[in-house]
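S.K.: Sequence order for the protein chains is G, V, X and C. Each residue of the first sequence is one higher than the one before, starting from 1 at the first, in the working numbering. Each residue of the second sequence is one higher than the one before, starting from 1 at the first, in the working numbering. Each residue of the third sequence is one higher than the one before, starting from 1 at the first, in the working numbering. Each residue of the fourth sequence is one higher than the one before, starting from 1 at the first, in the working numbering.
Careful, some of the hints might be misleading.
[What the hints assert, rightly or not] Covered by chain V, per the in silico footprint, the following chain C stretches (three or more residues, Cβ under 8 Å):
hint, stretch
1, 35-48
2, 79-92
3, 155-168
It is worth saying that the hints were derived from the structure and are not from the lab. Note that the structure is predicted; figures quoted are calculated from it, not measured. C-beta atoms are modelled at their ideal positions from N, C-alpha and C, and glycine is treated no differently.
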Amino acid sequence: MSIDITVKIGGEAGQGIQTMGHMLALVCREAGLYLMAINDFESRIRGGHSFFQIRICDKPVQAPHHKVHLLVALNRETYDLHKGQLASGGRVIMDEIDGSGEGDLIALPFSELAKKAGGMIFANTVAAGACLALLGTPFELFKKVLSKQFGKKGADVLEKNYYAAELGYQVVKEVAFKWSFEWRADKPKGALMDGSKAIALGALAGDCRLAAFYPMSPATGIMTHLSLLSDRFPLIVEQVEDEIAAVNAIIGASFAGTRAMTSTSGGGFCLMTEGLGLAGITETPIVIVNAQRPGPATGLPTRTAQGDLHFVIRASQDEFPRFVFAPGMPDEAYEITSRAFHLSEKYQVPAIILIDQYLADSMYIAQKPYVAPERIERFIAQDDDMENPQQYKRFAVTSTGVSPRALPCAGKALVVISSDEHREDGHISEAIPDRIAMVDKRNAKVPFMIKEMNPPKEYYGESGTLLVGWGSTEGAVKEAVDRLRDEGSDIGCLNFVDLWPFPADAAVDALKKTKQFLMVEQNSTAQLGQLLREQTGFVHSGAILKYDGRPFYPNEIVDGVKKYVR
Amino acid sequence: MSIDITVKIGGEAGQGIQTMGHMLALVCREAGLYLMAINDFESRIRGGHSFFQIRICDKPVQAPHHKVHLLVALNRETYDLHKGQLASGGRVIMDEIDGSGEGDLIALPFSELAKKAGGMIFANTVAAGACLALLGTPFELFKKVLSKQFGKKGADVLEKNYYAAELGYQVVKEVAFKWSFEWRADKPKGALMDGSKAIALGALAGDCRLAAFYPMSPATGIMTHLSLLSDRFPLIVEQVEDEIAAVNAIIGASFAGTRAMTSTSGGGFCLMTEGLGLAGITETPIVIVNAQRPGPATGLPTRTAQGDLHFVIRASQDEFPRFVFAPGMPDEAYEITSRAFHLSEKYQVPAIILIDQYLADSMYIAQKPYVAPERIERFIAQDDDMENPQQYKRFAVTSTGVSPRALPCAGKALVVISSDEHREDGHISEAIPDRIAMVDKRNAKVPFMIKEMNPPKEYYGESGTLLVGWGSTEGAVKEAVDRLRDEGSDIGCLNFVDLWPFPADAAVDALKKTKQFLMVEQNSTAQLGQLLREQTGFVHSGAILKYDGRPFYPNEIVDGVKKYVR
Amino acid sequence: MVGIKDYESLYKNQWCPGCGNFGILEAMKDALVSLEILPEKLLIVSGIGQAAKTPHFLKCNMFHALHGRALPLATGAKLANHDLKILVNSGDGDCYGEGGNHFMHAIRRNVDLTLLVHNNKTYGLTKGQASPTSDFGMVTPMQPRGVISEPFNGLAVALALGAGFVARGFSGNREHLSRLIREGMQFKGFSLIDIMQPCVSFNRINTYNWYKKRAYDLFEEDYMPDDLENAMKLARQWGDRIPIGVLYRKEKQNFAKHIDVLNKGPLISQQYDPARLQAVLDA
Amino acid sequence: MVGIKDYESLYKNQWCPGCGNFGILEAMKDALVSLEILPEKLLIVSGIGQAAKTPHFLKCNMFHALHGRALPLATGAKLANHDLKILVNSGDGDCYGEGGNHFMHAIRRNVDLTLLVHNNKTYGLTKGQASPTSDFGMVTPMQPRGVISEPFNGLAVALALGAGFVARGFSGNREHLSRLIREGMQFKGFSLIDIMQPCVSFNRINTYNWYKKRAYDLFEEDYMPDDLENAMKLARQWGDRIPIGVLYRKEKQNFAKHIDVLNKGPLISQQYDPARLQAVLDA
Ligand SMILES: Cc1ncc(C[n+]2csc(CCOP(=O)(O)OP(=O)(O)O)c2C)c(N)n1
Ligand SMILES: Cc1ncc(C[n+]2csc(CCOP(=O)(O)OP(=O)(O)O)c2C)c(N)n1
Ligand code: SF4
Ligand code: SF4
Ligand SMILES: [Mg+2]
Ligand SMILES: [Mg+2]
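With these hints in hand, go ahead and build the complete structure from the sequences.
M.R.: Rendered as structure tokens:
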């Protein structure tokens, strides 16, 4: 890669780190560059320490980089904490009131300039200006982005921002920066996308009409996005009293005929497990997004993890089919979400989308345009489809396990549903044949569901060693593979997205090609590794596990692999 | 066995079936016989159909029998439903107003006799009398039991019961019954025990002092037993507003220094999963009994199942150690419960006891006296144990993962606990080293916990084929093994009681001795079978699964095995 | 024309003979018939318990859901299709115990549905433990030394939270109860009818006779249910005299009316529009 | 002698500068000092949220528990050791949203502890969504078209359920609030103090000034908090004038007093007796 620069902006919560990061991202996108940015913040509103770290490339990029080329230190602490990550030749820009003198440090009069521009709220723009100037960004490009950002706020605000930007540019005019590069005026490569937004859009593409939820990091972003869009669609986003209400509300909505979803994280998902079982036994389609964070319990609310795989595939008492998907990147999250609505309704089972804080809150450039489906295939039975609507049986036994699903009050067919075990007509039954028929009916769906599951994604799948991961680690794992291959290793990877019902045959086909495989997971017990053994008999020969709440950097995987592979 | 007789009493809920069954059980116990009785009832209070089925033997017996020798039909429906189960030569006694004429039927004027004795409430005693008379029970024995039962209610009630019993005896005087046998006046072989009571007693033996719960079949019985005993012990049994309150209340009580438990079933357990994680991250000992019933959701509230194994071992987000035990019979349930309190406190982890409706509601003769522990070993740190109580750290890192546990307001040591990830002193921390240290600390307990786990119980463990089950199916599986061995099969069985952390080495040792093994489970996917593959790599070559909500009869297992083994 | 027999269920009743639920069931049928609601136009949502089995014993669309969770499920259904006529059957344990939080928030939300709480002051289906409404001191097998918490007053809580239709019925007075149900269903917004319901199997205190002696009819007293303070007083009246009738009634904008997108019709009837979505995707 | 500095935490505060929680924290310290409670004799239980972080910023025994679940956990602790002095810090979301059911049942149970609800009318820690107490119409990033449910009135609900000590405080009036906390802690039974707390980051409506203009002090008015109807009226008073002080106070037997076994002392102090158990086992 010719351009591969990481800029990190650090400071206290409330200093506008994300706003500034967003500005940089927009500028890069506008210039036709690729980027990938992570958001690191504490569970508090002001103070503490957070950062936004953006990696700017001229090729697609899907993981953060562990070395920082340019550090924007909005306070002294940031400098102290992160200077060790500087690439050799890397520089730090910091307000001169926070210190000066160190060789790598460019101390600048940010506050002074901000005040000159009109007040401290312009400090971000000044800093962004300085930062972009160092990178060699044409000033016009920054102006263009500023005008898009602040145009609506009136000429005065915009002018002041222009001026602040200019001040930032000028103050570093004389400073040389090793990674300054020539910006070509290319057109944007794709939308600026984070996992939360991609899922919100995917929900619309799945024709979701009720989103009921209770706020919980890192799942709230999805609902914020949906909420802002809700006036343009037949969509209600309703914040309810607790997660139990959320899951039951979406079951009610789905029963009544609209597609519905909720999003939550671990503790909230716990509270939804009984409802999950209700969807299971009543065969009501619903979509639940579980955005993972480290646990147990409250854990680390704003951090990332992959610790819930085992839990979600087995959550709720007794047995019933469900789908579980773990998309790797926003583009895939969009597709998976819309597909989850489709499959959930097709098979009348709950679908769970497992993401994590890393995917939810990180920014990517979408690699393809998102396409709205032409039409939504519904799987609803009308009176007209029935021989005799008065004889309608909601749980009629069929060879596929899927019964024609009518909606309440939509015709003559009465829809009778019970959370107790039931007869075909939906009324409670404790009779042995009814119980067996219903368990068998629900289980009968599984083989058909498995046929819908995609195999794990292979990347150099024929290699002697495979790294095996799932969900959001895909980007980091692939980059690690690239680097190791560059060093001459015979290595590839497998990324699992469609996780349940487990595509065991496909997994066997993929695993049997390799001599050994290593798990790469963000948990402490290699949950997918255990599942692979259970489902295929294949045993991983090692695992690179990270469970400190921070995402994988490709180099950590490279280093981890080297412990196993020489 | 020379004596092996099954008596079934069937009728509507509210007809006093259980009272009558209890009478028979007491009489048999009094005579030094063994017995095993199951309770089959619907989720309703009056009407419908239920039965009590007691198997009477002169040797220990631990499973029900599928053939009925004597059927007491308290209504016509019972006769119609169950006559097919009669052993050849089996008889039915029924009130003559419900019908007569059939060859196997002994129509008797029960209502008439009851009225003669003083009213319809004596019908049960009349029927019991007839039933016992047919079995050849000495009348004096029945009188003895009646006097224990009704003595407290006054002479009049007792006399009337004597009279009713006598009427019952006389009315069948002339009737010959194939399985009438000679009753020897032996002394009782043990206490009459059901799983619920055994667990309640085990909780007392574990020094449980707060039992908080929300009613839910089949878990309520445990609390009813405890409640009745609570005035004799330092014990509060508190019914709370929901299961979430229950689990949080016991965490609070345990934190404050008393051992505490709750009991529930699937849906309630779902609601407790977040609290389970709270116990996990705060390392607070608690004991949860999950009494399984068929699901998902409400399912079959009064029926039995083993569908929650996967769920309970993985319930709650992220990872933390826990114990899971599944006792096979009341004697073991007593031991396991008291041990669960001990181990939970020793390792500061939650312990889950998995039982089911079958174990909870069935009656057995205890095979050994239950012994109260001499003393309770507590694992509490006092100020005196500390170098400097003011420096006390609740989550101090140790080599075993277990930190000294002080109690709040018990000394100078301040106890600081957070459900967020924390430092050693208990305050919230998002720092990477703290997170890693705490995950590692919690995980460090696992190897020590595994050492506490007993291996699966072997019964003819060196055989060519093993049946593998867990929990309450033990009795039926063993009897099936006995029968198959009698027929010449080279077969044995393994019963898993200590399930988590999984004793993988012990399982391997047991499984490697056999050529093949078959799972016997009350679920539809062979959950333990899957777990065995995950944990040991061994794959079962077949499974005998029952998921209709009724317990296994040994003959079903025998028949099932024959499909695999010739 | 709708007749009682349109509502006859072929499914066999499972309640105890003499149970107070029968009176509620009949009153419901009366009200539905007099409102001329066809079974296929009615949706009943219920939780778990004896009360919650009610819809099985009628003929209608029904969702017999989880213990305590009928209200959020009904809310979701109503949001999806606000043309639905929804009745909720719940028990005192279901609604005020396990479901207590939803009860409060359903009131705040003022969704247009009618909630019938079959208040037998016990957990019937689980065999007679105390419920949140059991009287202080009530002895049960589970509370052998008597209940030691104050009974839950659903009517008072509803009033405190601004409920617009708050009523108490008695299952032993079918005509009166059916009137309450009718008025509740006609009310635009959330309506609560807490129903004194004898449980012949487990509640030996609050029997038919106990209630009959005490219940007095607010309709007969020409009580005007328009004053919150009076209503609150009546909600607390318990003992020798217990008022039955509408304690409070005040219509206000219901939930669906606040949601602009519902002006275009129920969510389920609106069209999916790929162009509109594509515009957002391309933005 | 207990002094303010005994309560200074070494753990760094995490609230926003200017947050109303600081006033509550200081008032708590004042009250604890004047009651001469030593840090090692105090237990604070809290849920999750900004409010619930409070005990970290004091020095004391503490259990910072799950979102919404502080009250049942505190109840369990109190049953285990009824000598514990327990304070509960909760937020409006924590207590009235996620924890609503426990709130109601804690009142019914009348466990002797003091509940402080830091009512900032928003979900602070999760970044400013509406909470159950947010005003009708309040616009947030999550409620872009405004809140469409009625605000939750915790005081009115508590009164409806028979709470014995019901008060409202204001974090901007430290002295007044510390008096409330003192009286609440001295009260034998469940005491509720709902505290108007400005959130400078997310609630731009209910600011310090907004409250200062409206709050009037019931102590100054010589209001007698012994009448339920008056209390109910005050609980509903909101708008131009908002009363702060004790709205209602009535002592009644608290939960622990009803439990015979506790006459022998706290559960944790009683002895395990193998003989007594063996007698039951042999019965
Ligand atoms: C989560 C959960 N907890 C507990 C139960 C068990 N349960 C079923 S019905 C019931 C109580 C019923 O009482 P109530 O709601 O008053 O109804 P009633 O039977 O008295 O009409 C309980 C506790 C359950 N089904 N689900
Ligand atoms: C089960 C669960 N759901 C959601 C959350 C996320 N959460 C944390 S704090 C909070 C709201 C806090 O609001 P409030 O209780 O009013 O406290 P404040 O921060 O305003 O003081 C939420 C929803 C959680 N931790 N657990
Ligand atoms: S138990 Fe009570 S409430 Fe339930 S059906 Fe019987 S009488 Fe009715
Ligand atoms: S977000 Fe609001 S409540 Fe939370 S600390 Fe900041 S000002 Fe206080
Ligand atoms: Mg009830
Ligand atoms: Mg708040």
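S.K.: Next step is simple, just say for each hint if it's right about the structure.
M.R.: Status of the hints after comparison with the structure:
Coverage of the stretch 35-48 of chain C by chain V holds [criterion: at least 3 residues with CB-CB distance below 8 Å; count 7]. Beta-carbon proximity to chain V at under 8 Å applies to 6 residues in the stretch 79-92 of chain C; the threshold of 3 is reached and the given coverage holds. Coverage of the stretch 155-168 of chain C by chain V is violated [criterion: at least 3 residues with CB-CB distance below 8 Å; count 0].
In summary, the one numbered hint that this structure violates is 3.
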